[in-house]
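Chains as they are written, first to last, in the numbering used here: chain A, 1 to 301; chain B, 302 to 738; chain C, 739 to 1093.
Because the hints were derived from the structure by calculation, they are not lab data.
Predicted, not measured: the structure shown is a model, and the values here were computed from it.
All the pointers check out, no bait thrown in.
Once the Cα atoms are required to be at most 25 Å apart in a straight line, the calculated SDA-like pairs of lysine to any residue come out as: (1) B/Lys505 / A/Ser269; (2) A/Lys288 / C/Tyr874; (3) A/Lys288 / C/Phe878; (4) B/Lys610 / B/Glu600.
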Amino acid sequence: MTLNFAVLALLDGIAYASLLFLVAVGLTLIFGVLGILNIAHGSLYAIGAYVAATLGQWLVANGYNPWLTFPALFAGATIVGIVLGGLLERLLLQRIYAKDEILQLLVTFAVFMILENLQRMIWGVQPYFMSTPLNLLGNVSFFGINYTAYQVLFLPAAAIVVLFALRHFLRHTSMGAQILAVTEDREAATSIGINATRVYFMTFVIGACFAALGGALATPTTSLVTGMGANMIVLSFAVAATAGLGQIEGAAISALMIGIARAFAVYLSPELEVIMPYLIMVLVLLIKPNGLFGKVTARKI
Amino acid sequence: MKFKALYLGGVLTAALSAATLTGAAWAADKPAELKIGITTYSSGSASVFGVPARHAAEILAEEINAKGGVNGVPLKLYFIDEGAGLETLMTEYRRLVEDEGVEVTFASISSGVCNKMAPLAEDLEVVNFMWDCGTQRILEDDKYDYVFRTQANATPEVLAPLAYLLKANPDFKTIAVVNQDYAWGRDSWEIFSNALKIQRPDVKVVAELFPAFGAADFSTEVSRLQALKPDVILSTSWGGDLDTFVRQAKQRGLFETSKFVLPLAESSLQRLGDDLPEGVIVGARGDHYFLHPEMRDKEKFKTFNEKFKARTGEYPIYSAAHMVQAFAALEAVYDKAIKANGGEWPTKEQVAEAMVGLEFQGLGRPLVIREDGQAVEAQLVGTTAKRDGYNFKVIDKMELYDGKDLMAPVGENSLKWIAKFKPDFLSKVPSTSFSHK
Amino acid sequence: MSKEFLTAIPDGAAGTTADGSLPVRQERRGNVLMNKEFLAFIAVAALLAAVPFTFGSSITFIAMCLAKGLAVLGILILLRAGQVSFGHAMYFAIGAYAAAFLSSAFRGIDMMVLVAAAILASGVAGAIVGVFVTRYRGIFFGMINLAFSMVFYSILEKAFHITGGSDGMRIRRPTLLGMELRRAEFDVAIYYVILVFALLSVWLVWRYLRSPMGEALRAVKSNETRLEYVGLSAKSVLLGGYIASAVLCGLGGVFMGMVQGLATPEHAFWTRSSELVFIAVLGGPAHVAGAFGGTVLFEAVRTYAAALLDDSWQLILGVTLILIILWAPGGMVELFRRFTGRNRVKTVTSGEAGR
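The following block holds chain A by itself, in its conformation from the complex (with noise of 0.2 Å):
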């Protein structure tokens, strides 16, 4: 039993780690480039996965194939991402990088109650379903436990492409170097000919349909009610924090440390689950500030 335990708690702990990292990746990548921290990522998160829901729903009730809800998932993670997180970019982020960072982030939250409110109106308080793909996948069998293939191992796959898509767009595309460039310093690179608007811009973006795309892949697996996104973003703070903000592969072992911990902690002791994640950022934070595996910047002098 011991064994098989620690198994199907693994298994589990990496199935929801693939989401938080998911989510958690775009709020780290655009804190690292811009230095914002988004607040209204959680509330990308949750239209994403209302768009994907709603796209999904309408698919199946017009008799489409049920497959095509699966690009359904990452169409509506596009859309989502690109006009709603383009529009904040232009609209809005645009005017404040200049700002105290404390006011950035007031305003990101401004967003987040925006968001939350528009979602209300859109798409009202009663839960949404759309368990199509994880339907159509079927189940895989561990130890004579089920498990959906849709979370044991499409998702983890889905995070893992993430990552390493992430990975060398950054390091072997122009437009990532342009990204590393803007992060590492962004005079010299504006000095150099580098439009730093423009990679500002993508980034936001980018990481817009990270946070879309979460929301999207976790709709086949849970129910869409309101106040989603306020328990991802905290959550996904968790996971950037104890990573250390702007660190991508970072977020990916500590989105494996807490989704692991809080399963185990299920199978363990299931009055810490909720607990977890928030001790191992506390824990995390009190001895190494900058996150595990974040550098250690200069004081402010």
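Use these hints to put chains B and C onto chain A, whose structure you have.
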């Protein structure tokens, strides 16, 4: 210090006399409208109950006003959103009572909110019907003059499904619980587990899981339950939480290894559709079901169901039925109080007085209010089944329990009452059986 | 301690605010300004004191605004040091729960005991957490506070048998100076108690921000190194401000809890912490009046927005805040000064967040 106390005293006297003056002015005059304040969820996850109940309230108010109102006084409804948070809720509630002159309030859905509103209503001396919240503690722990409950409480609502389980599936050895982590989830499990311990000391509780209220994911809980393979899984959850749990459990085959008992699942039948398997024990926090076997042919029942379906596209769920009961109690109590007052419009004290012993009927069997303000309500429990004509599971093998058999007597604490059960008490509780027709 | 607070008010306020203890470099314009401000302060205090006789039905609303405003005042102190905590709702909750535990353990306990307990509990908690978190600045300061508050929130929510879980705990109506009060009396009584504490806190914070410690707090934001040249540790300066802000939040919490008769974990949730910061910036961090002005606006929109458009308060407030940040970063205080034509130049330089 003295100055302060004196000053305070002066202010208090002034405020108090002002309050009594305004209070006396309208006491027994027949008002132009009978204003009713209703707290219900129009946002948040509990709006799955709140929204249907609000529709029910509007239908009923229209009906009553169409025939001239309550004793010639038309109703006017004020809704307050329980989902807006307690500050807003309380401020608005007080405003309605103190400024708008609301005479009767129906508060509320959430047990947490009821815990708060009952003392407030008592303070404000406004007649309040707890029309949907479950916690049995409020009327058992304190005595109220203005607070009444127009439906049952957690005790019979949980004991009835247990009685059904003991009768329908007597040979189970292990049980696990997955409840929402808040008053209802904890209290209902306390009642269930205490009763179970006495009825079946041999049954082992293998897991007590209380995932956070509104949890989006139960995957880990489902894995653990699969590993434990309990004979019975109980969940008193509702709304999005219950839907998610059921879907995740079904997808992973948990329904094939364990018998599910879901005392609130009547409210999820239509939403879950085919995701809820057959053979699940479901309850309805009362005898509420749109195919109620004793009521389905009655005119009042049919008309309401039709109106509700026309308005919302769905059949009414138990929260709508609880709203019907609150309105039935409202009409009945004003009739009674007006009769007792020689045809004159009653004061709120007279209304409150008339509540005790009041008999009224909503969509189920008739109810009566006891001296402690608590209504006695029948309970319907059954097993899900697939039947032609419905694209969701219906309830078959129904048992209707009389409320009085499953309720702690007036003045007695539910848990103490349960502790005195005979070992075979619940499996012998009388009930009437019905099948789906 | 609380008794001294109470007795100090009637004569104390006048004597000490006018005593000219302002830092020298502000004195010249300070005296004129201060007299005007002092008059305004007295006028507002008198107006608020008259509310139960004029707009009696709104006292609970104003009492809640004042309670929340106390917490915002705490946030304001940290903003002075350029720091923002996304976890201060924790102290708000600590204040409320201190009252909840005591009032359920001892029926008929006195209001002043509850207030003292809340001050003590939030002060001690603030000191303990503060020792750890004052090492951090900027976004990390916000984060570590968020982390602590979420741990606290999760404990409140999970420890059902101790804290009542997500439903929270009832706070029974306390007595006041030995008097048993009924609902209507209690509403008036607690209104005045909160008003007295709010006025006193405004005055104390006002003094504090103008004291050398307050000036040092400002230096945490602008130049820590210089601070250490003059022999002050930035950490202990910030710790002082942190504890003060925790106590103010605790006070806000205990009053809010007593008015509502309830302590719930939601009080500690991160959105509440953000709301407090939100209100502080909305009102304007440059002046203590901003804390209360912001709270009144926030609560008024929240309560009455429904009349305009169903379920829209977050939308309205969100848009308002963005407009304020983009076009009036000094908040309502700045708008007020612009409107009343007070020297604009001064506003811009002292507008704390307007960088």
